[in-house]
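Student: Below, each chain spelled out in residue letters.
2 protein chains.
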Amino acid sequence: MSRFKVVVTRNIGPDALGIIRACNDIDMVLWNHDERPEREWVLRNAQGAHGFLVLMSDKVNDELLDAAGPQLRVVSTMSVGFEHCDLRALAKRDLLLGHTPDVLTDAVADIGVMLALMASRNAGQGHKIVLDGQWPKMVWAPFTLCGPQISTLSGAGRRTVGFVGFGRIAQATLKRLVPFGFQSCLYAGSKRQNQDANRERDVELGSQLGIVIERVDLEEVAKASDVVFLLCPGGEETHHLVSESFLRKMKRTAVLVNVSRGTVVDSNALAKALKEEWIWGAGLDVVEGEPDIGQDHPLVKEPRAVVIPHMGSGTHETRTEMAKLAAMNVVNGIYGRPLLAGVDVKRYVD
Amino acid sequence: MSRFKVVVTRNIGPDALGIIRACNDIDMVLWNHDERPEREWVLRNAQGAHGFLVLMSDKVNDELLDAAGPQLRVVSTMSVGFEHCDLRALAKRDLLLGHTPDVLTDAVADIGVMLALMASRNAGQGHKIVLDGQWPKMVWAPFTLCGPQISTLSGAGRRTVGFVGFGRIAQATLKRLVPFGFQSCLYAGSKRQNQDANRERDVELGSQLGIVIERVDLEEVAKASDVVFLLCPGGEETHHLVSESFLRKMKRTAVLVNVSRGTVVDSNALAKALKEEWIWGAGLDVVEGEPDIGQDHPLVKEPRAVVIPHMGSGTHETRTEMAKLAAMNVVNGIYGRPLLAGVDVKRYVD
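As you go down the protein sequences, you meet chains Z and C in turn.
Heads up: the first sequence begins at 1 in UniProt numbering, then just goes up one per residue.
Heads up: the second sequence begins at 1 in UniProt numbering, then just goes up one per residue.
Keep in mind that the hints were calculated from the coordinates and are not lab data.
These numbers come from a predicted model, not from an experiment.
Incorrect hints may have been included.
Any copy, or any two copies together, can satisfy a pair, since identical chains are not distinguished.
Quick list of in silico lysine-lysine cross-link-like pairs, BS3-like style, CA-CA up to 30 Å [to be verified]: (1) 251 <-> 92; (2) 128 <-> 59; (3) 249 <-> 5; (4) 191 <-> 223; (5) 346 <-> 191; (6) 59 <-> 137; (7) 175 <-> 92; (8) 137 <-> 175; (9) 275 <-> 137.
Just chain Z, with the same shape it has in the complex (with noise of 0.2 Å):
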């Protein structure tokens, strides 16, 4: 019987790694930390793999591939996004990607529905204030920390919420928004979208909700909503979409949530738009250049931004979800059978 070789570049935890475990005539190289290994190591250990396990934070070139040898056969990553895989050098070789879509989809909308609120509450500096010893000297006047009410108060009027980009993220971030008294949806999508199928499922969606669903132009989203949700892709097709001329466009007190890629925003423009008051605030759990991003940051030091490090998926639950889901995808790449979830690689090469 012959052996196959896993590569795992970090501590994926017990479920994950019990996955691979089970597998008799797999034996598993495994850093096992949760440091990211050196590069050497990588490379070293790929030596005769037929398959990887690799984080975001883990390149996949040519370099990495070579290294393997060509009985390769899977990377599969711990990740829904693979900005670290190199797609061309898959292809050439035939071998399959892995990914770890949808079972993230609740743990980043919640966490999007938090910063729509920390961002519209001010609640980043609140947080700061106590964390600065500053209670004891605030002053409690009646409008003092106030921001804009993402809830409807009974008789004041209607909330619309807007997203760039209406998947299963957004659709799930809906859902938890409606009982805080959104009537009206708008979203702006790809183009690349089938139009049709999309209407019949906002028609459904709408319905099975109570309210209206309704696609339209980017611009349209950016003027009508009181808060913005990015849950678009990243890549070149988004590239600071938000623009200045997005940001003026938006009300004043509308606030705009980033959970998807930084690079959908354009970081200058958004601080600018903070700092003059074009709209109300932002809640960023991604910020283009991360981890990169000091205290000096413009939106860092922007006392109505709540800058968080890029934590949307991190729950226990979800984050073990996305280790068995990789396990899984790197299993099934070595022994042949068809991934639970895997990119069309060649999609993205043509």
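We have chain Z already, so just place chain C on it with the hints.
Tutor: Same frame as chain Z, but now just chain C:
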């Protein structure tokens, strides 16, 4: 025509002040600032007043009421709570007391949900990492900064929310939580409530929301809940209801949210519970002894506690409604009309 005098101790915004200004026979003495006035200013201007519009930081006691004189008819506070008012002093003079309940229901429910998410998702720690410029040095590992998930993952079992106190704000909070996947709601209520009427309401609300609502002992709320919201009144009856014994009964993955009164929680017991990991986290809009909560307070030092400086009702919309209601209460009291929201002072002193 006789004229009336009203003293307003803070800038409560144009909408509310407009209500008083519209009354031609009322002279308003206004402390038109955010900072509270010196006591001496209040006492001096009290003389001859028929009504007061005050905030929580203004003490309403014999001294003030004597300074006003026997023509005084009404005290209106722009707050729900009235711990700053000596009810006995009001009762013996047959004075009316107005407050501002209900209008802040949605704003407080919003912040409760926000704090539950922040506490479970380590948002306080994440926010601090970014503020401190530590994001670039952060190690991204599969379980970095992970917390328990508020929402249910498909197939990941049930979620139970617990409330201590189950009035309007708790019910508004529950409504918001349903789409996160909560299937069960437990609450502990005051023994003084009409149990039969509540049982009917619970069945109706539960079937409307598609979940099970059950009144149980305080102990059961502690034991069975994934999130516990404190939404009961302050005062002696609820003093340190959340004690070491309560906290020891909670789940290790549970979070505690206090948006009611700081006195409901024993702060030292909670700090110990967080440090020793009896529970996962806490989201606190209120802390006993506030606003004198400095950097050395055990809960401020505790990374698993998110503390914000009493911002529960802090939205423009809600504070404006509170101010308008307070203005209408003082006007109605002066004119001898029933208050829109009055405290039954005599009930409390008998």
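Student: Tell me the numbers of any earlier hints that the structure contravenes, in ascending order.
Tutor: 1, 3, 7 and 8
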